[in-house]
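A.B. asks: Next come the chains, spelled out residue by residue.
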Amino acid sequence: MNFFETFFDYIKETYTERLLYFPSNIRVSLLIILFCVVATLELYLYMAFRRLRQANEKLKFEKWQEYISNMLANLIIFDESDKTEDIVGHFYPKMKKLPLRNPIVNKLLISEMLVYHKNFTGKIEEVLSILYRKLGLDQKSKQKINNRNWEIKIEGIREASEMGISEIASEIIKYTDDENALLRMEAQAAYIKLSENDPFHFLDRAQERILDWHQVVLFEIITKNKKLSIPSFSKWLHSPNDTVVLLCLKLVEHFMQFDAAEEVERLLKHHNSRIVKKSVEIIGKLELSDAEEHMFEVYFDQPEEIKLEILNALGKISSGNYNDFLSSRIYSNHIRIKREALYAIKRDPEKGESRLRELYHQTTLENQALIGHVLDNRIKS
Amino acid sequence: MRDFLVTFETFFNNAIFYYALFVMGSYVLLTLLSAIEMSGYMKKNSYVNYREILVSPLAPSVSILAPAFNEEATIIENIRSLLSLHYGNYEVIIINDGSKDSTFQRMFDYYQLEQVNFSVDYQIKCNEIRGVYKSKLPSFSKLTVVDKVNGGKSDALNAGINVSAKDLILCIDVDCIVQEDAILKLAKPYLEEKYQVIATGGVVRIANSCRVEDGKLIEVNMPRNLLPRFQVLEYIRAFLMGRMAWSRLNGLLIISGAMGLFDKNVVIKVGGYDQNTVGEDMELVVRMRRYMYEQDRRFKVVYIPDPLCWTEAPADLKILGRQRNRWTRGTIETLWMHKDLFFNPRYGVLGMLSYPYWLFFEWLAPIIEFLGLSVFILLASLGHINWEFSLILISMVYFFSVALSTVAILFEEMSYQQYTKGKDLVKLLLASFLEPILYHPLTVFWAVKGNIHKFRGKNNWGAMTRKGFKDQHISTETEQMT
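These protein sequence lines are chains A and B, in that order.
Residues 1 to 381 (the numbering used here) make up the first sequence, in order.
Residues 382 to 863 (the numbering used here) make up the second sequence, in order.
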């Protein structure tokens, strides 16, 4: 009998005849060993099959991708003078012949059409939207939106949004305040694009938070979409949802909405410090000199971060009314306050730098170093 | 005497069995948590378009802090790679920590540096900053070089924090290869979490045998040498399983020193990196966490499974031993400095779960293993070993270890699948069989040695020599820390 036979006989005997007679800890150990060995072998098999399947799918994917890409690339040979119906008539029969029930082909065709739709305007964009509907893919997107699974819903929302299926807006609105943050964000982004009458209606009903990340996405969509009619965002600065207020403040700032000045000033007394900070920033950016006094009033009750923002805003406004206040700040105990006050003084385009040079000769060595720092234009503030 | 030995043997077998069961149970739990966290992350992020952060004026600003000590061979290439990262609002601060070679001169010449009138606000204590330099060339306007008196990695990072002008700080090892989208991915949690995020970390990968050109990773390969290959397995297990699970529990105690993004304000509030420990990366995270608890502020420390940073692992037993020795000492120091956290309910998950876990499983486990082995040898030499039972117990631990590594490899396969070649996967799977026999005993030995060194008062960092990704060169990490 060789070693392996002896070994396997021992294993067999241990698990079949002796197992019950071992002490409990050894019995448990043997069972754990068995479980680990079986699990490891199964994992090996799973990984091997997964790799094989991946390789197989990759082959199929590459084959179809080449075919579909080549087909869609032909779209660009048509120009604006060609009739839309002719172009659609040229492509529709070819696309109809595709095995759309094959999930790889279906997925590829949709994703390629979305990419082309996103990257082209004019005739190509129009033709793709028509083809999308003629192939019944819009109905598939609608079905996806009503799927129970949130990932599928998002897929459907994205497709509808890119292809401009505006009749879906009324179905999407219910998701704009969904508990699932990702679904909520996708629905809000799509709603802005698809709603023809009131693209910002979701802000009226938003109770869930619009996270900072969502604000980044929504800000991009709102500020880059030239077809969108931009409302006055001051309307939502009263919202009980702080995140709606923050988003709208960012939009007020971007679109330089001076009509929101009064509302922004009111927000200086808001309970949320992020809103106060953003309001101060906007006051500076819009150079709302009427708000200077108000900022000065609240200055001493604010945390350092907001104090710095107020100094910055006073510098941007540069009305000259608070020059003495700014100069006095360089005797603060906090270097950041001193530095910001010096930058604020410097921001006066006419007299800023000369005032700093004057101050240089009247102040302490530490402040002189700070003034040197502020006057050095190679260092960004 | 014979009765005593028999009783002791029974006790020994049971003790080993229950301790192993406890450790294995905790690993199974962590694996499950990690699987949940990973699948959630992968699902969520398959919809993310990072370009939106890249171009957005609303994205947080980031300072990259990279200490450099005697890095003349690669510093130019490393800086160039950092300057080409994909992010909108960031600056690169290289801190020349009193290099004795021509590191500073090379930077000065190549980037055409000139000294600026920077008035440093020493919010955190650090050695004297001799000068702050900016490039005359507009294309390198993002670059700032700080020249300071040598003080070690922590001191250099503290100096960098004092010079930083941004909201977040990305602390990295200058010789790491950073993925181009690393900042985008690390910054995203700061924008999407309900609570304040104070730190984020990503997966560190082993770059040995990978093809690197101009400071960029071109091709991922499995390390040819067995030692770095074991470390690949170890890193996959630690990052994809351990840290992801702790991130799920919001109980992470460590963000790798090779790369971590921190909220600068919180770092300043806690006083920056501690210079009295060799485990400064772990200690900082622990201090930041306890500060947040003490302020009654809700917060998160987040780990993301994306491979963001590639580093050269020691391929030499002596150097690897030094590294592990230092890690052990760092753990002991951090645990000792924050001993009042132990089962302290005031510190929530940190006090009740993370700290005890690190104490029992990270610090004590190798010691218990070593003692167990010693007693085993002693009993064997006295003829008081039931060899069959002992082998069954050892086999249980071995097969569990192999299964755990296989699950870790599965995680890697199902997430980022960095090793696309089939033979690399086979090599990794084979390594999982050899690792518990060849590599693990060494890590136990180094950990025990680290304990002995700590209690004998040895506090040095230990030189770390690296071959470099391109040419064979030697870079010595900070030499002092005494």
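Don't take each hint at face value.
[To be verified] Below are the EDC-like pairs computed for lysine to aspartate or glutamate, each with C-alpha atoms no more than 16 Å apart in a straight line:
(1) B:650 to A:304
(2) A:380 to B:495
(3) B:425 to A:304
These are calculated hints, taken from the structure and not from any lab test.
A.B. asks: Next step is simple, just say for each hint if it's right about the structure.
C.D. replies: Status of the hints after comparison with the structure:
1. Taken as a hint, the residue 650 of chain B and residue 304 of chain A pair is honoured in the structure, with Cα atoms around 13 Å apart against an allowance of 16 Å.
2. For the hint pairing residue 380 of chain A with residue 495 of chain B, the CA-to-CA distance comes to about 15 Å; that is within 16 Å, so the pair holds.
3. As the CA atoms of residue 425 of chain B and residue 304 of chain A are separated by approximately 36 Å, the hinted pair breaks the 16 Å bound.
Violated hint: 3 only; the structure is consistent with all others.
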